[in-house]
Amino acid sequence: MAPSTVAVAILAVLATPVAGSTFDYLHIEANEGNSSGGHVAIRFADRVYHFQHDHGLVRLRRDSWKHFEYLYRTLKNRGISVSRVEISPETYENLRSAFQRRFIVGEREIGLGDDLHRDTVLLEDLLASRGGATAARLRVPGAGFFEPTSLPADSVDGRILATMRRQVLARHGATFLGERRRDVERHLADLEPTSPHMPPPSTTRYPSTEPLFARRTTDLLAAATALDLLATPHRLRTDRLVTASARRPLSTRERARLRDAADTLAESLTRLIASRRPDWGYPFLLGTARLVALERSLQRGRWILLDALPSDAQALRLDSRRRHALPGLLADAEVDRDAAVQKVLAGDGFAESEWSELETAVTHVAELRRVRAGASTLRVRHGILLPRGEAPVSLATTPRFHPAQITRWLRAARQREADYTAALREAHGYNLLLRNCVSEIFRTIDTALLESGAEPENLRDASTERLGGYIAPLAGLNFIPFVSAQRVRSTYSVAANVELPSYRDYHVERMRASEPSLRVALRESNVWTSTLYTPSAEDGFFVFFTDRRLLLRPVLGAVNLLASTAESGFGVAMLPIDRGRSLHAGLSGALFSLPELLFVNLRKGSNDYVPTDMRPPGTP
Amino acid sequence: MTNRDGFRTGRRLIVALLLTAALASGGCSFSYSSKSSSDSSKSSSESSSSPFDSSSASSSSDRAAKQSYQQDIADYTKAYVISGGADSGFPNGIGDIARKHGVSDWESDQSTWEGVGAGLAAANVKPDQLDTYKNNWGAGDPEAMKSIQRGYDRAR
Chain A
0 MAPSTVAVAI LAVLATPVAG STFDYLHIEA NEGNSSGGHV AIRFADRVYH FQHDHGLVRL
60 RRDSWKHFEY LYRTLKNRGI SVSRVEISPE TYENLRSAFQ RRFIVGEREI GLGDDLHRDT
120 VLLEDLLASR GGATAARLRV PGAGFFEPTS LPADSVDGRI LATMRRQVLA RHGATFLGER
180 RRDVERHLAD LEPTSPHMPP PSTTRYPSTE PLFARRTTDL LAAATALDLL ATPHRLRTDR
240 LVTASARRPL STRERARLRD AADTLAESLT RLIASRRPDW GYPFLLGTAR LVALERSLQR
300 GRWILLDALP SDAQALRLDS RRRHALPGLL ADAEVDRDAA VQKVLAGDGF AESEWSELET
360 AVTHVAELRR VRAGASTLRV RHGILLPRGE APVSLATTPR FHPAQITRWL RAARQREADY
420 TAALREAHGY NLLLRNCVSE IFRTIDTALL ESGAEPENLR DASTERLGGY IAPLAGLNFI
480 PFVSAQRVRS TYSVAANVEL PSYRDYHVER MRASEPSLRV ALRESNVWTS TLYTPSAEDG
540 FFVFFTDRRL LLRPVLGAVN LLASTAESGF GVAMLPIDRG RSLHAGLSGA LFSLPELLFV
600 NLRKGSNDYV PTDMRPPGTP
Chain S
0 MTNRDGFRTG RRLIVALLLT AALASGGCSF SYSSKSSSDS SKSSSESSSS PFDSSSASSS
60 SDRAAKQSYQ QDIADYTKAY VISGGADSGF PNGIGDIARK HGVSDWESDQ STWEGVGAGL
120 AAANVKPDQL DTYKNNWGAG DPEAMKSIQR GYDRAR
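Protein chains in written order, with numbering that gives the first Met the number 0: chain A, 0 to 619; chain S, 0 to 155.
Keep in mind that the hints were calculated from the coordinates and are not lab data. No experiment lies behind these values; they were computed from the predicted model shown. Do not take every clue at face value.
Straight line, CA to CA, 25 Å or less: simulated SDA-like cross-link-like pairs of lysine to any residue [unchecked claim]: (1) A:K65 x A:S274; (2) A:K65 x S:Q70; (3) S:K145 x A:A372; (4) S:K145 x S:S87; (5) S:K65 x A:L550; (6) S:K65 x S:D127; (7) A:K65 x S:K125; (8) S:K125 x A:E333; (9) S:K125 x S:D61; (10) S:K65 x A:P534.
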């Protein structure tokens, strides 16, 4: 297909599916590492749902189409086959709602498992501290924004916090803070683990529970920290701050906008402190830290914001292969930052989601600049971030339980956690043949049809009426991603099928339009001369791309196998120096060369980063 | 053997090989995210398996971002009501969803309450039951209660 035709096809399909009347079934080609069996997903408007194999479970993920496409097609270099299915608006809403609910339920179930684990850890700490080994401490969000020592009331931060205190008292009365503090202390004194009813894992029922022990303790300690901050001002920690730009002072317009944001934020904080929500402490501490940062910005004439990256963000060690991407990453991050600044400037009041976006964007820029200046690790985390400001807080104010009592609670907590983990595995455990990324999509479609009135015995008819046909989740070879895509094409009411070529295929086609095909084929056939591939740190070792070389594949695969075996031998010698990196690359390369001997290609090569101007049309 | 038979045999062979490859390596995408924790930033609902993919996805418009947030709140509310959840657990779930949209003080954001109203309508809550939800969840805040009503009316 000529590049122009490809481009037209791409643009046609990248137009968002008409919300309310179509959905897309997506088949993503295999590649080494992340998904060597291929992958499937379902797209409703801008949202893509797909089941991933996550620590032994099948977990439903949700991505924006833009992010999904960039990740799989451009970075992972995997072509995507799109089948657009026409349905009625009612069926669309039934299906969308079923996937969305399964996503919400699944996320909460994972969160509940984490809450149970936190209960166990907290009780272990409490038991250890009663034995005198350590003082029990709990990491509390918001507690780390301010320095632990108090500061004079006439300092800048002290004046801001004193003003906040006056506003709170003016709004809620002179005795409010004292009463609020006593209320928090009373709840802390009453704290003890309960035996919550744990709803069995499900794909449809939201697992509603009372907040668990560690969560209640965290919420109360955050509230106590917030009240302490108003009683005794502390300085905002400078190591929790990032600066947008040191070069240009704030303009008059920017100053006016920041003043408006600060005033609105202060007003909402005086309301928040009286909230009935149990977890008001963290948002209050976060808002107060933001308020102080805003006032500092106005005072110093430049954007000063909270560092949005959490303490457990992935710290990526940058070798020379990854460092080459820094200029492009920084340019992208600066574009994001400028857009976020403009969004805030165009608004009014304090729109928190926009502010979080700004903090996230400014933090990414600051982080990349820090690395460009010589730092060896880059902290990364995707998505809009809320600064967490976690710090350990002593549990000295919680009740002192008898060690025997804690031991009993701990035993019960461990049992609860183990039972719930086992129940999750029973309900959602990954199984290549019976419960995988394909089967769960069609099971969720079945659920949607049943909930919209279809009888189990008439499921096939209902599916045929609404989707054009029926695809059984476990029939035949449906569990194989590419087979399921063929079934969709031949069974459902498919209005269009479009192939979105991978990043590499897209560019090879373009090159062929302007250069002799043989030259392009030879140059782009291997990792040494290819202009489209910089070996990713995550790829195994190989020499030839075999994804578009069916007849030559066994021969090229044999060369790949020999080369990767040699690399493995080299890796053994390098073990003390590179900590097994070459050996891993060699073995991985050999493993993914084996299918090539049998004409099967899995490996496509992947990218750590692709510059904006090289991304296929429609990608961000 | 005819050409057609040969083609079929070849196709079966390829399917068998792919099946073998899938069995050997495990089908479907793997998630490399660590086991999520109650720290919502860690239990990210979005998958990301590229180390450099840390963009803030900030290019969505205000309107799209607000719609996405409201839709999530509405879907959560519907799921919660249909599951018969206790009132005390409701705010924590709202907080978890709001955090993923960069919102911590969700009570101040009227989109939250409109989403709650839309979710109640989607859960087929009758108008005469609506006041109970408004009182319990709207926390006596007249603005919040108005927004719940607005979201409910718009979605019905």
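Verification of the hints:
Under the criterion of a C-alpha separation no larger than 25 Å, the hint pairing A:K65 with A:S274 is inconsistent with the structure, at around 37 Å. Restraint check for A:K65 and S:Q70: the C-alpha separation of about 19 Å stays at or below 25 Å, so the hint holds. With a C-alpha separation of about 52 Å, the suggested pair S:K145 and A:A372 falls outside the 25 Å cut-off, and the hint is violated. The suggested pairing of S:K145 with S:S87 holds, with an alpha-carbon distance near 21 Å, which does not exceed 25 Å.
Taking the CA atoms of S:K65 and A:L550, the gap is about 52 Å. The hint is violated against a cut of 25 Å. Restraint check for S:K65 and S:D127: not satisfied, since their Cα atoms lie roughly 28 Å apart, outside the 25 Å limit. Proximity of A:K65 to S:K125 is assessed by CA-CA distance (about 38 Å); at most 25 Å being required, the pair is judged violated. Among the hinted pairs, S:K125 with A:E333 is inconsistent with the structure: their alpha-carbon atoms are about 49 Å apart, more than 25 Å.
For the given pair, S:K125 sits about 32 Å from S:D61 by alpha-carbon distance, which is inconsistent with the 25 Å threshold. For the hint linking S:K65 to A:P534, the alpha-carbon distance of about 40 Å lies beyond 25 Å, and the restraint is violated.
When the structure is compared with the earlier hints, violations turn up for hints 1, 3, 5, 6, 7, 8, 9 and 10 and for no others.
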